[in-house]
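Undergrad: Here is what each chain is made of, one letter per residue.
There are 2 protein chains.
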Amino acid sequence: MSTPALIHPVILCGGSGTRLWPVSRKQKPKPFLPLIGKRTLFQQAVARVTGSGRFAPPIVVAGAQHCGLIEDQLSGVPDYRLIVEPEGKNTAPAIAVAAARLPSDAIMLVCPSDHHIADDDAFRRAALAAADLASEDWMVSFGIAPERPETGYGYLHRGKRLADGFQIAEFVEKPDLATAKAYLASGEYSWNGGIFAFRAGALLNELNAHRPAMAQAVAAAVAAGREEGARFHPQAEAFGEIDGESIDYAVMENTDRAAMVPVDMGWSDIGNWAALHDALGAGGEADRSVKRDELGNVTRGKADLDKTCRNVLAVSDGPRISAIGVEDVCIVVADGEVLVTTREGAQRVGKLPGASQQ
Amino acid sequence: MSTPALIHPVILCGGSGTRLWPVSRKQKPKPFLPLIGKRTLFQQAVARVTGSGRFAPPIVVAGAQHCGLIEDQLSGVPDYRLIVEPEGKNTAPAIAVAAARLPSDAIMLVCPSDHHIADDDAFRRAALAAADLASEDWMVSFGIAPERPETGYGYLHRGKRLADGFQIAEFVEKPDLATAKAYLASGEYSWNGGIFAFRAGALLNELNAHRPAMAQAVAAAVAAGREEGARFHPQAEAFGEIDGESIDYAVMENTDRAAMVPVDMGWSDIGNWAALHDALGAGGEADRSVKRDELGNVTRGKADLDKTCRNVLAVSDGPRISAIGVEDVCIVVADGEVLVTTREGAQRVGKLPGASQQ
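Chains as they are written, first to last, in our numbering: chain R, 84 to 441; chain U, 84 to 441.
Honestly, the hints are just simulated from the structure, not real lab data. Check the hints yourself; a few may be wrong.
Copies of the same chain are indistinguishable here, so a pair counts whether it falls within one copy or spans any two.
List time: in silico DSSO-like cross-link candidates among lysine-lysine, alpha-carbon distance up to 30 Å [stated by the list, open to error]:
id, residue 1, residue 2
1, Lys109, Lys434
2, Lys385, Lys434
3, Lys385, Lys243
4, Lys257, Lys390
Since the model is a prediction, treat every value here as computed from it, not as a measurement.
Take the sequences, apply the hints, and build the full model.
TA: Here's what the structure looks like:
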């Protein structure tokens, strides 16, 4: 039996995380914060794909404004590489540049840097299955076991069975609640969590077939790019000509070879304070600063919740939070800002003056 | 027609106001804060009984720890006197000491220093009526027109009509909700707001009849007391022997001559944050720092409430408060403390660790 090829992790650091304001800020956004546990989400994403002997050193794709943070947080990680995007162009160009920097036969595992995964073993088993499918030139997405009829995510409808997963019969945009409930009941739908595996050359072929202009611009930006230590700078002019687009729109929904590996790994995109409340309440990394009670209350930092509080998240970077009688509410104190939102309203935090004016 | 005798205002500064924590603090409690308008509740209480030509200079009764604050806030008020209680003994001894310092025929008007009254003219009309009754040796309480079936107050049941008011047929302790609703419907009950008028000598006679030990201790403390400029210090030893008691328990509920004057004057005891929310929402003193909207939201200080908030009070001494989706909630940021309470829970603020440990 031959030694299996190494998997090349590609960690994307594009998200701004404004819905986690006032903790997440433009200069130090969500991936680079220790939201769960003592390590940042980015550090956890990197740790998840190192140390098992199956992964090559990670390739990180990020904007110039975050390179300092990233290099600090990668301290001790050997041989990583950093692709510095001249500007944000969504996921397809970021992934394509990484693919163009790898040998054509390299298997890439594309991971967001701002999600939480409770079960790293389940993640790694799925990564190996996805890599196997990718080596057969499938464009592979992780199909995350849905935990609730979520209307904020895209869904993957599984089709024909494959050796290590399923073909994707259909991509579904954010459904309404009735549809989401039907998906959950059917057992045939998974959440599209933004984790992918590709053979580098196969991805570029698909991009060339479906988005030839983007593929050409990426090739030009890489060809005229510049190395600087561990950093690689695609050429700004060529990169700037790209029409930004997600990998789902540019490739996954167009290819004939979309596949998925089902995975149940305690995943959360930590998309807002309510999601962080759930992830912290479920446990996650050992962290003594987090306190939970049997009424669904979770606190981090100084907080006194009286016994009439239910399902409250209270997070403070200093001032004490005292609460009485509130239910299904997130209270966040950070950097001289005080946020109080219902769990339902947490989706709209990014639209607050404080979050958008920063 | 003879010139009517001056009314001697007696302003009581005993309350701690822990339910208005974290704004109200032991060292600077509720009466001395500008909770409504630019002047403090105490300053408003004093202003209410000066300047009409019917009132003598005020007598203020307070603990030693607040004398500095009081003298600052009385700046410009001529000829006030200050009775410094050696310790807090509830309202009966405070009022009795003031009575003992006045001529026997003086008419006293006893006013708490930490209530809000929107309609000063209505207050003054009631004060004159109460003074007339007091000059006939009635023990007079203001009977405040109830605005809702409040279960947190005592009630006065009106009896036989008098020239300027009514006899009090019955004192009722805090009723249950059904009883409070029946009181409101009957039109025969008023709130007992803690505002009283007495002839000084008549009050002392009644106290002597019903609480002879207290009357003796008060007389001894005053006889052995010490003047110091505008301050008068009752002797600590004699005063310390008093069993503290309210004027309601010590006199009003025992005398045969309890009377009331009905008054509707936009009264609030500002007993907690929900009450302050109501008082600020209703208008009160002109104050540009207070903003109101048509959804019941009231803000003071930096606050962004999104359009899904209803009936929220947001008060900050600096940090911005941002809120989404919350309803019937008070959010207070002061002195590095953050309080979030339902309006219903506002009664329990004084029991929070922050409020009781200060």
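Undergrad: All hints are to be evaluated individually against the structure, with a verdict given for each.
TA: Taking the hints in turn, this is what the structure says about them:
1. Lys109 with Lys434: Within one copy only: 14 Å inside, 39 Å across.
2. Lys385 with Lys434: The answer is both: 27 Å in one copy and 17 Å across copies each meet 30 Å.
3. Lys385 with Lys243: Neither. Shortest intra-copy (52 Å) and inter-copy (57 Å) distances fail the 30 Å Cα cut-off.
4. Lys257 with Lys390: Between. Shortest inter-copy distance 25 Å satisfies the 30 Å Cα cut-off; intra-copy 37 Å does not.
Taken one by one, the earlier hints fail for this structure only at number 3.
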